[in-house]
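**Q** Spelled out from the first residue to the last, the chains are:
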Amino acid sequence: MKKIYSVLVENRSGVLCKVAGLFSRRAFNIDSLVVGETDDPTVSCMTIVSSGNEHTLEQIEKQLNKKLDVIKVKTFEEAESVSRELMLVKVKYNRGNRRDIMEISDVLKAQIVDMSKTQMMIQLCDVPERTRLFLKMLQSISIVEVARTGTVALQKCRDQEN
Amino acid sequence: MNGAQAMVKCLELEGVKTVFGYPGVAICPFYDSILDSDIRTVLIRTEQNAAHAASGMARVTGKVGVCAVTSGPGATNLITGIATAFADSIPLVCITGQVNSELIGSDVFQEADITGAAESFVKYSYLVKNAEDIPRIFKEAFYIANTGRKGPVLIDVPIDVQNAPVGKFRYPEGDVMLRTYKPTVKGHAVQIKKVMAELEKAKRPVICAGGGVLLSDAQDMLRAFAHRYQVPVVTTMMGIGAMQTEDELYFGMVGNNGAPCANRAMNDADMVIMVGARVADRAVNQPEIITRDKVLVHMDVDPAEIGKNAGPTIPLVGDAKHIFEDMMQIEIRCDHGLWLQTLYEYSQIMKETRGSGPSYIDPAEFIRKLSDRMERDAIYVADVGQNQIWSCRNCIVRDGKFLTSGGMGTMGYSIPAAMGAKLGCPDRQVVAVCGDGSFQMSMMELATMRQHGVSVKIIVIANGCLGMVREYQKNTYGGRYSVVDLSGSPDLSKLAEAYGIRFIRVSGRGEEDAAIDAFLRDDDSVLMECIIDPMDTVK
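So the sequences go chain by chain: A and B.
According to the numbering used here, numbering within the first sequence proceeds without interruption in unit steps and concludes at 319.
According to the numbering used here, numbering within the second sequence proceeds without interruption in unit steps and concludes at 608.
Same shape as in the complex, but just chain B (with noise of 0.2 Å):
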């Protein structure tokens, strides 16, 4: 046996069925391996989408999702990947091949220190200097992914270390031990118990949720929480999908985009439950606001993002699902009736009123109808842009998840993230939702589709131009429009039947339900071009 044997090995007995990658002469040693495996592997376009495949994977499936590249250019363009996946916390291991051992640092064609690069969108990373070590070294990396706060390994394997031989293949057993990493699961009892004595004081109580909570696959315990105490719940975007859309407790999104009444729960609240959620820019913009005259719970597997941007009353580490269990140990008495009375109000009041074209599509409209006739447990992927926006706003969540770039907001993560979640979860609909801008950063993984028949409907919705950017600068600079036209964009009708893939355009007012359920139809890959109108605003 080989190192890169071995590699393949890891991975069969980690469970891995699927590996995303693109080869190259540094990676080729496991890729020949991986022919003697019943591993699927899956030739993504580019790199950066082998990340965002694999993080789609992981986001569906719960577990360690894998890609695998060459050194150099097939490593950089890795990171931005990376860098998403660490952003919302995904549990990825990263492969990337290296130049021979000997040559490491006299800049070899296609060496790049890949490990010194991506060092900090990491949660950890290894340089691989023996093949005996890749058995410990690919334990430790999926324990380290996918548990405490999940995150990308990097695992970086010299060429010659692939090559080398491994006398004694022994895979660790049970539990990895590690002096330097214990994450704390169990929150502690006595916060905990603190916590129910001010949820049975408090007045008008809210839940925060955030994506905490889906990876640690607590949303069900989270939804009883809620009913039992009766206890209203917004989220973050990277929550969205913990409660369904239309539970009468759900108010929506928080942040500078998210639902006015969703923001006005949370101000007017009297004690504030983070669970899961970092507390970042996007969904709460001004901390003080969430700490002053309120009691503030920060329940967080991450010690460190607990006071990192506001300081709780009552910090609390570990994992959501066991302090949901836990607290639910507790008896308490609460009565909320009269503040969920207060934000229904609130809700009816807040209703969003839009202003598209009377000729033009509504991309909210359509967006709530489409997602209301997805199926139940329907995978929904959003891109970046005003889509993204559009699609927190108004799409309808039940059994299914909401897959997005939260945190790094990375443009054109739909596709490759579809499809990634489309191979994992292969009985699930599947639909990816982006702009016209953010489809042409990944349109060239419909190949990767065609190729490997994985069947993703996408949507664009095409305004011919950067929308979330220009809407940015109607509003900061006045409406001078810099490098945001989008002309020159190709004809998506072409496009699609260049990749044989099936193409429905949508663009008057009135067409859209029928252009939904020829899109939903059969489980077939389609495209579907929904054309709004072009001076169209999230706000």
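Bound conformation, chain A alone (with noise of 0.2 Å):
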């Protein structure tokens, strides 16, 4: 089973530390952590893709809520979250197959940003399931480098906020 933990915490230094240290003290799992400033310059939002079963995915809420840096920590599930992952491929190409990567990118709305006589560099920004999916077909095409932002995710909308 997979949750999506939202976690506001205080933006301090160190407290990355501590949130992961929590994971791997306990045995948690993390999938993808992404940590960035939220509107309010002193708070920070951790995105953290857990997988568990029931029990474990419980304790990783009321351990997170435990931690003295966390203000408040919202978890649901893929299904009811909007999620994002930005993804930058740098792949190696030839006249050959200049054209499957081009196509492969269009159909999966993916944009060419970089570009020398051999590499390109490509980018792509969706949900997880399809950042997946164009690695895969990318896969017979020599891939240079990758890089994964993992995934960040808010609640759907909702008329209250919670």
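Keep in mind that the hints were calculated from the coordinates and are not lab data.
Just so you know, these numbers come straight off a predicted model, no measurement behind them.
All C-beta atoms in this analysis are idealised placements derived from N, C-alpha and C, irrespective of residue type, glycine included.
Be a bit skeptical, because a hint or two may be false.
Selected chain A positions facing chain B (Cβ under 10 Å, derived; list incomplete) [stated by the list, open to error]:
hint : residue
1    : L225
2    : D226
3    : K229
4    : F233
5    : D271
Take the two lone chains and join them into the complex the hints point to.
**A** What follows is the structure in structure tokens.
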């Protein structure tokens, strides 16, 4: 089972280490972890994706809440969220596969953001499942480097925010 | 005023009377400033014991214990003491000196990343970067340590911050408001009603009280509650003393080293009320037993403990004292006479018989006799090992306290903790009971006792080996004993003489009574060696 934790924390040095340390100390999984400042510069938002059984996922929320640098924890499943991941892929191309790469990029709405005579860099921003699919499609082409942000997510819009 | 003076001022404003510690360059500004204060300083002989002593003091006074050590090895030596306090939720403020702020990260002499190293053992930690922050940080630290689920808070103060000027010292008044920390104190009214409704229906309820009851000072409420609704009580190791041992409703300690009758009560109950207990492995080995076919109520101030090891029927977050108060507002009709009768029968049938050799002192009987003759409000500090188990099962607690390192099981805890307890309650009798292994882990503190005139009575239950491990090796490795022989231990009579402490040795059955009387006679420190059968076991 997968859960997304949107964790508002004090924007201070050492907080990321404390939260990450909690996961390793209690043997919780981190599938991905993204940190960034919010609209309030004293608050950062960590988006953590974790997997485990129901008991573990509940413990994660409780243990996060217990940390003194954590302001608020929101927990939701992928289905009730809008989630995105940004990925940059650098590939080697040649005359033979250039068209294929561009077609795949076109189909998956990826953009070519940089290019040289032998390499191109493609950017994709989509749900995690489709970034995975994109990588899979590029597998037959020679990938040089990949950088991914990990998932950022917010709960879907509702008329009553809680 | 500089940072160090501000630190001392904060301690004074928090009502701190004693600081345990060990100086070094990086904490010298603080130790210089404390000379101008009425706060008593106690030079402990190794840093770990500073935290244990502060823990002993905190547990008998209910106030935050304070220790202060230097950077690097001073700070890292403190970690086991901090971890011990963390495991048992004991409120401490631990101050460490740190190298000059500008040098942090460059691996200079006596630099250690102590906030990083201690992270998983502290409730919270601060690295002070600005001397102006000292009043706020100290105010927060004391508040965090002693509220909610209590625990140690670490404050790491670089030497330049201690020396930096503090323009205007203003100690925050009133309650601390932190957006990230709002412990729940009052139990949810609906949940409380549910608990009482279940109690009314229950035929065989039992309360299992943990250390949280003592930490919230709820023992009187627990006793009143148990008597009013006639509910039998068992405790975890940390909960010993929550009920008077001789209370007719008390059936002993649970767990794999507990009283058979207490475990039977938990097993046969149709309703278990866990209060201030973690459902940890030593107390409840198989959590499924207390959830299957039972109504499990789990009351704890820390929501993360509820459901961690056993899923309760009724979770109830809050402070034990408040919850008991609120529960007693609700009238219910219940009669558990039959159930109590069954438990009395169990306790008769399941009485333990022990097999010490006929010429040896039986440690269980010895501890019963000793604790029976101690003052009513005496403080008994048990160390870790066989002595701990014999103590837990046989110590008679009345209006006093029973202290031990339960969660961490840190050997060498008893002597420094007993010293801290005695300094916290100078008018009460304090007895530390350890084994010959654990004694040697903190015997250097005999000097501290002498230096500061702290009269603690120490009993060393001597069997010439690491008895608990030896017993485990006997049962698990078929008697292949590895690294448990304690040959080479000093002659304790000479050691006591060297420290100028009175010494008594008791070795033969029948000599206990006279020895115990001599041991307890006056208020002076005494070291008593009680020789037992080297092959004696707890089971």
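**Q** Check each numbered hint against the structure and report the violated ones by number, ascending.
**A** Violated hints (numbers, rising): 4, 5; every other hint is consistent with the structure.
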